[in-house]
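Colleague: Sequence:
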Amino acid sequence: MITKRAIIGRIEKVDLPDLELFGIDAKVDTGAYSSAIHCHYIKENYEEKIVSFKLLDPSHPNYNNKEIKLTDYAKVKVKSSSGTSQNRYKINTTIIIGNKSYKTNFTLTNRSKMRNPILLGRKVFSKRFFVDASQKYILNK
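Just so we're aligned, residue 6 is where the sequence shown starts under the numbering used here, counting upward by one.
Derived by calculation from the structure, the hints in this document are not laboratory data. Source: prediction; values computed, not measured. C-beta atoms are modelled at their ideal positions from N, C-alpha and C, and glycine is treated no differently. Check the hints yourself; a few may be wrong.
[Unchecked claim] Derived CB-CB ranges, DEER-like:
1) Lys80 <-> Ser139: 36 to 44 Å
2) Lys74 <-> Tyr107: 20 to 28 Å
3) Lys82 <-> Gly103: 17 to 25 Å
4) Asn70 <-> Lys132: 35 to 43 Å
5) Gln91 <-> Ser131: 39 to 47 Å
6) Thr99 <-> Asp62: 18 to 26 Å
7) Arg127 <-> Thr76: 23 to 31 Å
8) Leu144 <-> Lys54: 31 to 39 Å
9) Lys48 <-> Thr99: 31 to 39 Å
Use the sequences and the hints to build the structure in full.
Modeller: Following this line, the structure appears as structure tokens:
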């Protein structure tokens with residue numbers, strides 16, 4: 006059976022309502038398995054089993070300086086395309102792409118040197134969307 010999938014571009018606007026982020030640029034990366042979000046001040050309180058972080062950074066227009074604290078998280082090892090491994094915290098949250106809402110995982114990392122604060126890996130879109138890498142903001146037109 007063939008299922009109808011929406012087409013998304015290499016960059017799309019997404020919302021993360023649980024984290025109070027709306028209209029954020031996300032790079033769609035068919036080469037990445039997992040998704041990542043730009044954070045800073047990432048810390049773990051071992052006694053209370055809480056991870057805390059601030060989303061984005063002061064240079065981003067959507068930065069709100071709000072510290073987020075979560076008890077539902079995991080520690081994972083992520084391998085980059087260059088082959089180096091990095092330990093990160095992984096959280097589960099809701100993402101809205103177009104007009105559809107999904108629960109998915111994001112790793113927390115510093116993406117300040119990247120153009121887009123969110124990277125969407127295959128796990129989010131592989132059975133839901135086709136990617137047209139020649140276009141941007143298809144769902145926002």
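Colleague: Given the hint of 18 to 26 Å, check if Thr99 and Asp62 actually sit that far apart at their C-beta atoms.
Modeller: Between Thr99 and Asp62, where Cβ atoms are some 22 Å apart, the hint holds.
Colleague: If you check the beta carbons of Lys74 and Tyr107, does the distance land in 20 to 28 Å?
Modeller: The hint (20 to 28 Å, Cβ to Cβ) holds, given that Lys74 and Tyr107 are roughly 23 Å apart.
Colleague: I want to verify a distance hint. Is the separation of the beta carbons of Lys80 and Ser139 within 36 to 44 Å?
Modeller: holds (37 Å)
Colleague: Can you let me know if the beta-carbon spacing of Lys48 and Thr99 is within 31 to 39 Å?
Modeller: violated (24 Å)
Colleague: That 31 to 39 Å hint for Leu144 and Lys54 (C-beta), does it hold up?
Modeller: holds (37 Å)
Colleague: Given a hint of 23 to 31 Å, does the C-beta separation of Arg127 and Thr76 actually sit inside it?
Modeller: holds (28 Å)
Colleague: Within 17 to 25 Å or not, the Cβ separation of Lys82 and Gly103?
Modeller: violated (32 Å)
Colleague: Between Asn70 and Lys132, does the beta-carbon spacing fit 35 to 43 Å?
Modeller: For Lys132 against Asn70, whose Cβ atoms are near 37 Å apart, the range 35 to 43 Å holds.
Colleague: Could you say whether the range 39 to 47 Å given as a hint is met by the Cβ separation of Gln91 and Ser131?
Modeller: violated (23 Å)
Violated hints, in rising order: 3, 5, 9; the structure is consistent with all others.
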